[in-house]
Amino acid sequence: MTEEVQGEPGGPVLLEHLFRREAVRIVAWLARQLGSQHLQLAEDAAQEAMLRAAQLWPFRGVPERPEGWLFRVAYNHAISALRKGVRFDDKAEALIAALESRGEQTDALDLDETLRDDELCMIFMCCHPEISQDARVALSLKLVAGFGVGEIARVFLVDEATVAQRLVRAKKVIREKRLPLAMPRKAALSVRLDSVLEAIYLMFSGGYAASSGEILIRQDVCMEALRLGRLLAASWLGAPRVDALVALMALQAARLPARTDAAGDLVLLEEQNRGLWDTGLIGLGFSYFGRAIVGDAVSVWHVQAAIAATHAMAQSAQSTDWKAILGHYDQLAEMTGSPVVAMNRAVAVMQVHGAAAGLRALEPLAGHAAFRGYYLLPAVRGRMLMELGRMAEAEDAFAEALECECSEPERRFLREQLERARILAAIGA
Amino acid sequence: MSKYILLLRNDPSGWEKMSPEDMQKWMQRYIDWNNKPYVVQSDRLDSFTGRVMQKKDGKLSVTDGPYGESHEVLGGYYTIEAKDFDEAVKLSSDHPHAEHGTVEIREIMAMPEHGRG
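Residue numbers (our numbering), protein chains in the order written: chain A, 1 to 429; chain B, 1 to 117.
Treat each hint with caution, since some may be false.
[What the hints assert, rightly or not] Pairs of lysine-lysine residues, derived as DSS-like cross-links and limited to a Cα-Cα distance of at most 25 Å, are as follows:
| # | chain 1 | residue 1 | chain 2 | residue 2 |
| --- | --- | --- | --- | --- |
| 1 | A | K172 | A | K91 |
| 2 | A | K171 | B | K83 |
| 3 | A | K172 | B | K17 |
| 4 | B | K36 | B | K25 |
| 5 | A | K172 | A | K84 |
| 6 | A | K186 | A | K91 |
FYI, nobody ran anything at the bench for these hints, they're computed from the structure.
Please build the complete structure, drawing on both the sequences and the hints.
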C-alpha cells in the first residue's frame, strides 16, 4: 500500500490516517505505562491531543514532527489529569513520577520498537477470553485500529448505541478484572493467539462483507486487519498459522476492487474482471502462503488460504480448479463442523458434481439456527434451483432471501435474480 | 483591495464526537483553506475562555461569554482580501466551517481618504 497524502499542492500535507495511527499509539503507550485501569485517561489524552491539533494546525501550520507534537500534548494532558486526581488517588503521585521518567526517555528510545510492543499488548488485551467475542472485535477496532464508534457501527450494520454499549461493557471487564496490558504467559500463549487471530479475521470479514455504500471505510477495515496480521507475523509471535491468516486476508482483499461495479452493485466471483484484482496483494498473499506451509501443522487458516489461493491462481472462472477447492472444503468442514462452511462446500459440490448434488448437500442445513434471518442460504439454494430449471421454486427461494436482513447492493442483486427466475419461468425455459 | 474578516462560530463539542479519521479529514480541509492566496491572516481562539466586561455607572461587570448557546462560541477568525464584498462572500462560500457552525463575514472599514492640502 502506498502512503497517500491529502490536500492541495503546495499546502502542508499529512500522512494518510495519521490521526488514526497516532491515536492508537498514544493510547497503547500511555495505558501500558499507567496500567489498564487508566485506559480511559489514556483515551482522553489522545483525544485531547487531536482536538488541539485540529484547532491549531489549520491556523498555525502543521508542526515539523506532527507525531511527536501529538504525543507531547497527550503526555502533558495525562500528567495534568493525574495531578488533578492526586487528592483522591494516593497512587497518583507514583504514577506521575513513573510517567515523567518514561516520558523523558521517549526521545532516546527506539520509539517504533516500543510502540509495536505496546500495540501487541493492546491486541492481546482486547481479545482476552474474559471479554465477550463480539466486544473483542469492536474493542480491537477502537483501540488497536483507531476507528470511531460511528465507523464501527457502519461497518457492522448495528447502531451506534449498540457499539457504545459493547465497548462500555468490555472496558468494565478490563477495569474490574484488571486485565493486564502485557503479553500472555507462555502456557496460555497458543490459545490467546488463536483468539487474536479469530478477532482479526472477524474484523477483516466485517469489512469484506459486501454491504452498504460505505466502501471506503470497509476497505480501511480490511487493510487494518491485514496490517495487524502482518504486525503479528513480524513479531516473535510469528507462527505458520499467523502467516496463513495473512495470506488468506491478502488474497481475499486482492479481489476488493472487482467485487462491486461502478454502480456499487455486487459482482459474483465468477463474473469478476480478474484484471482488476490487486496483483500486489496477490503477490503478498502467495509469499505469506509459502511461509505458512513450512511445518506440518494445518490450521483452519491454512485451509481457507488454500481456497483463496486456488481462486487467485485461476486465469478465469472457467479454469478454476473446483476439485481442489472441494477437497479443501471437505477438510475445513471436518475441522470446524461449521454450517457456514458446509454451505460454501455445497457451492463447490455444485461446481464439481452439478446442481442436483449441490442441492442435496444443502438439504441438511435447512432450518439450522445459524442461518436464521441470513439471506445467503436461500440465495444459494435459489441459484442451484435455477441451474436445474426449477424456476418457480427458485423464485420462492429468492423471495425468502429478500425477507432477510441485507444491504442495498445485496437486495438489488437478489431482486435481479428473482426477476430472472420469474421471466424464465414465464417463457418456460 | 479591501479587507474582510470572517468570524467562525461553532459548538466545539461537535468535534469531540468525531473519529480520528474524520477529525483529520476536516482539519485538512481547514488547512487547505488557510493556504488560499487571499487569506491574509488567521488565528484560532480558545473556545473555553471567554469573559465579557462592561462598565456601567462606573461599575465593572464581568460575565461568562456573551453566548446564550454553545454554538455561538467564537472559535477563530480569518482576514481575507477581495476587490469587493460580493467577491469576498464568493471566496468564503466554500469554507468548510460553514458545514460546522457559522461563518460571519464583515468588511473591515477603511479609513476614508481625507481631502489633502
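Distance restraint between K186/A and K91/A, which requires alpha-carbon spacing of 25 Å or less = It is violated: about 30 Å lies between the C-alpha atoms, which goes past 25 Å.
Given pair status - K91/A, K172/A, alpha carbons within 25 Å | Holds. K172/A to K91/A sits at ~20 Å (cutoff 25 Å).
Hint consistency between K36/B and K25/B [alpha-carbon to alpha-carbon, up to 25 Å] = Judged against 25 Å, a Cα distance of about 17 Å means the pair holds.
Compare the distance between the alpha carbons of K172/A and K84/A with 25 Å, and conclude whether the hinted pair is satisfied.
-> Status holds; Cα separation ~23 Å.
Holds or violated: K171/A to K83/B, with C-alpha atoms at most 25 Å apart | Not OK: K171/A and K83/B at ~57 Å, beyond 25 Å, violated.
Starting from K172/A, check that the Cα of K17/B is at most 25 Å away, please.
-> Roughly 21 Å between the alpha carbons, so the hint for K172/A and K17/B holds.
When the structure is compared with the earlier hints, violations turn up for hints 2 and 6 and for no others.
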